[in-house]
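J.: Listed below, chain by chain, are the residues.
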Amino acid sequence: MEKKTVTRAGMNRRTFLKVSGAAGLGVASATFGVPSLLRAAPKTIKIGSIQPVTGPLAVIGQGSRLGNQLAIDYINANGGINSMGGAKLELVLGDSESKPEVGRQEADRLINEGAVVLVGPFQSGVAMAIATLAEQRQVPFVMDVAALDAITQKGYEHVFRVFITAGGLVAGALKYYKTVTEAAGVHPKRAVVTNTADPFGKGMSGGFLKMLKGSGLPVEVVERIQYPLGIQDLSAEVARIKAAKPDIIFPISRIGDSVILLRELYKQRVDLMGIFGPGSPGWYEPEFVKDMDKLAFYSMTNVPWINPESPSYQRGNAAFLKASGKNLDTNSAYAYTGALVIADALERAGSTKTKDILKSLRETNYADHPVVGGAIKFNDKGDNTGALTALVQIQPDPDLLKRVRIVLPKDFAQSENIIFPAPQLWER
Amino acid sequence: MNRLHLLLVLILAVLSGLPLVLSKYTLGIFIMIFYYAYLGQSWNVLTGYTGHISLGHALYIGIGAYTSVFLAQHYGLSPWVGMFAGGILASLVALILGFLGFRFGLRGVYFVILTIAFAEITRLVVSHIEVLGSFSGIFLDFDPSFRNFQFRGNIPYYYIALTMMVLSLAAVRLIEISKLGRFMVAIREDEDAAQALGVNTFKYNMIAIAISAFMTALGGCFYANYIFYLHPDSLFGMGLSIELILRPIVGGMGTLFGPILGSFILTPLSEVSRAYFSKGGLEGMHLILYGIITILVVLFMPKGIIVYVRQWLKPLIPERKGDD
Amino acid sequence: MGMDSTLAVQLLIQGVLLGGVYGLIAIGLSLIFGVMGIINFAHGQMMVMGMYISYWIFVLLGIDPYISLVAVAAAIFILGWLIQYTVVNRILDYPEAMQVLPLVSIGLILENAALMLWGPDHRSPQTALGLDSMWVGPIMVDTSRLIAFVLAIIITFLIFIFLKKSNLGKCIRAASDNRTGAVLVGIDVDRIYNMSFAIGAATTGAAGCLLVPLLPISPHIGHDFTLTAFIVVILGGMGNLLGALVGGVILGVAE
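Protein chains in written order, with the numbering used here: chain A, 1 to 428; chain B, 429 to 752; chain C, 753 to 1007.
Among the hints, erroneous ones may be present.
Stated by the list, open to error - According to the in silico footprint, chain B covers these stretches of chain A (three or more CB under 8 Å from chain B):
#: 1; segment: 50–60
#: 2; segment: 136–148
#: 3; segment: 189–201
Hints were generated in silico from the structure; no laboratory data involved. A quick note: this is a predicted structure, and the numbers were derived from the prediction, not measured. Think of the CB as a built atom: it goes at the ideal place given N, C-alpha and C, for glycine as much as any other residue.
Work out the full structure: start from the sequences and follow the hints.
T.: Set out below in C-alpha cells:
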C-alpha cells in the first residue's frame, strides 16, 4: 500500500491509469473470490481483533487489545508462521464501542480488510452479533473472552471459545468453596448473593444459586440483591445485607461497584467470615488492589486466571508490563491466549483458507499457554474442554503486584495458606 | 418529468447497481446509511413536520424488533408479517403517548420529557420480562431463508434497506402534498393559530405520531434480523434515540431529503473515522470528532446541509410555488 | 429499636445525605434551565471533569477534595463559561430538538476527552475521611456523606443569597423571568447567560468533588449523573431551585 503511494508521485497520467486499473482488478478479484491461485502467496496474514476500547468497558477492552497484539508480536519476533514461509501476522483493529451493531460492522470491515480469522470481543452481546456474522461470512471466530453459554449453543461451525463457559465457571466456584470451607473446618450458614442486573450478572447468579441449592452444602442464601450496572451508591443495599446477618457474601460484580460495596461493608461494619466471588471482575484488578489496600485483603474470587509458572505467561507478562505498567490479568491473558491459539492453528493449517483453518482449529491441542487449565481443545460446540478456573485470594504483601495469589487448584497454587475465616474489615 | 426527477432516478439506478461492484463491508456501510436514513425519515414525519419533538423514538424500534422476533420465535410467524404487527403495536403505544401529550397540551421540553419517560419505562419493563429475554436480551437463530428475513450475504439486506428508504421517501412526499401534510406544517408553524383557523390539531397530531411510530417499528424488525441480537438497553435506550435524530437534523429537519442527506454524510463519517482512529493510542478520538462536527453543523448550518445542496442543484429545480 | 426500624432509619439517613449531593448537581441544571430554558445534557460529564481535576490535585499535591473544591469549582466555572460563550449562546432560539444535539455532543466530547487524557481505569483514591463513619447507637452515619451533605446545603444557601441579594443575582432572576424586559432595562443579557451557565457548571463541579471520596471515577459515569440530575429536576419542578434540593433528597431516599 505504502509502496503504491510512493510510486504514484512520480507517475504520468497514463501509467497511473494502468496501475489503478490493475489495482481495481485486484479489488475485483478479492470481491468476487477469484481463485486464490491467481494471487501471490501472502506475506502477511491478517487477524481481526474487535474489543470495546471506548465506552464503559474501555479499561478491559484496551487491555484485551494489547493482549491480542503482544501475542502476535511474539509470534512475529520468532519467525512468523513457518508453514507459510515465515509469513508475518498482522492484527487489524476494531472497536465495538460496547454496541452489538458496531461490533458486527467492525468485524465486517476487518474481514473486508483481509482478516482471515477474528478474535474478541469480551462482551457476550457483541459476541452474539459477531458469531452470526462469522457464520454468514464463513470466517472463523475465536472468542478470547465471553462466557454466556448460549453463544456456542447454536452449533455454529465457525465459532470457538477459549474462555470457560458460565456453566463451567459456576461449577468451579462450588468446588473451590467446598474445599475452602472443609479445609478450614468452618461452615458459613447464612449467605447473601449480590449481582449486577445485566446479562452476565443475572445469568451467573441464577446459575450459581441453582447449583448451590442442589449441592447439599450447609449454606442458605438468605438474601439476593441485584442492582443496575453502573450504580453509584450501594448504601441501601449494604444496609439490607447487614440486616440479613450473613456469614459470607457471594458478590457478582463489575469493576467499580466492588469498590463501592467493599467501602460500604466497612463503613457499616458488616460482620463477615469472608467474601467469596463466584466469578466476576472487580476483585483482582491492579487499581482495585492498590486503591482498596487492606480492605481488599482476604477476598477470594473464582476466576479463569493466569498461570504464573508457565513460560508463556512469563514471556507475555514481561511484554505486557513493559507496554502498560500492569500485569496480565484474566481478560488480557485470555486475549493473549486467543491470539496464540489462532497462530497455532494457522501454523498447522499451512494455509489461510477457511476450510483449512477450521479443520486445524478443531484439531487444536495447545498446552503452551499462559492460563490455569489443561491443554486447549475444542469440543463439537467449539468450547474449550481444557478450560479451568482458579481461586485467587488477595494476601498481604508489601509488593502490590504480589498480592493476588492463586490458592486453588493445588497444582497451580502460589500460596498453600488459605486465610478463611478472614479478620473483619475494620480490624486490619 | 423534470431534471430533478431525472437526477433522482439516476441516483437510484446507481444505488441499485452498487452491489455488483462493492464488497460486503462497503455494502454494510450503505445498509447502515439506508437504515438510519429510513429511521430519520420516520422521525421526521412527527418532529420535522408537526414540530413535536420526540427524544424517545427508540421505543418504536424496540417494539418493532421485539414484536416481530417474539412472534417468529413462539408462533413461527414470518417476520415479513410480524413487522407489521410490530408496527401496529408501536402505533397503539404512540397513540397513548400522543393522547397524553396532545390532549393535555404538553409542548416543547415537556413533550420531550414525556417521550423519554415512555421509552425508559418500556426499557425497564422489557428488562424484567422473562419471555423477552429480560436483561440478557434475545439471541436470534440464524436460519437463512427469504421467509425468515435472514440471509447469508449482505445483498438482500442492501436491497431491503434501499427499498425501505425509497418507500419512506415516497410516503413522506405523499404526506407533504396531501391535506394532512399541510395541516401538519401549519401545526409546526403555529399550533394555536392553526387551531383557531379550525384545524383539528389533536387529530392531525395523532395521525402524525401513529404513522411515524409505525414506520419506525418496521425499521426495528430489519435491525433484529440483520444484527441477530436484541438487548433492551441498546434498543430502547436514549443513545439510540439520539443517534436517530442526528441525521435528519444535520441534513435538514422537516425537509424531504434532509434525513437521507444527513445519513449519507454522518454514517460514513462515523465508520471511516472509527476505522481510522481505532488504530490504537487514539481511542475515543473518533467520537470527539463526531461531536465537534455535529456541533459545527448545528451552529453554522442550522437549517441543515440540504440548504446548500439545494443551491447547487438550483438549475435543476423548476420553479415551484408554496412548496418547501 | 427493632431490626426493621433500625434498617429503615439507616436507609433514610443514607438517602437524605446523598440526596443533598444529588440536589447540588441538580441545582446547576435547574438554574441553567430556569434562566435559558436549556437542558444541559452535558451536565454529568462536566461533573466528571470536576472529579478528575479534584482527583489529580489529591494524587499530585495531596490536597483533600474538600479543600480543592473551590479551585475545582473555579475551573469548571471557566469550562462552563466557555461552553456557553462558544456554543450554547448561539442555540438559544433553536427548536428544542436542535438544542439537545450540541449539548449531547459536548457530553460526548468531554467523556472521550477524559478517556484520552486519563485512561479508562476506575480510580478511587483513599482520602483522609474516605472510610470514616460515626455511630449513633446502632445507626451508622457515613462521615464523607455527612460532610458532602453539609457542604451541599451551604453551597445551595450561598447561591440563594447570591441570587436574592447581589446585583448580578438580581439580574439573573430578572433575565430568567422576562428576557425582553431585562434587555429593556439595560441588562447585558448575554453576560448574564454566560454567568448563569458558568455558575450552574461550577456547582456541579463542586458536587463532583464531594463525590470523589464516595465512588470510583471513570470517564463514562457522567451520563448516569445527567439522567439523575434530570430526574431530580423533574421531581422538584423544572427551574425551581429549592425544588431541586427537595427532589434530590426524595430521589436519594427512594433509591
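J.: Are the hints correct? Go through all of them and say.
T.: Now the hints, each set against the structure:
By the rule of at least three residues with a Cβ nearer than 8 Å to a Cβ of chain B, the coverage given for the segment 50–60 of chain A holds, with 3 such residues. With a threshold of 8 Å between beta carbons, the proposed coverage of the segment 136–148 of chain A by chain B holds, since 3 of its residues qualify and at least three are required. A stretch counts as covered by a chain when three or more of its residues have a beta carbon under 8 Å from one of that chain; for the segment 189–201 of chain A and chain B the count is 4, and the coverage holds.
Every hint, counting from the list given before, is met by this structure.
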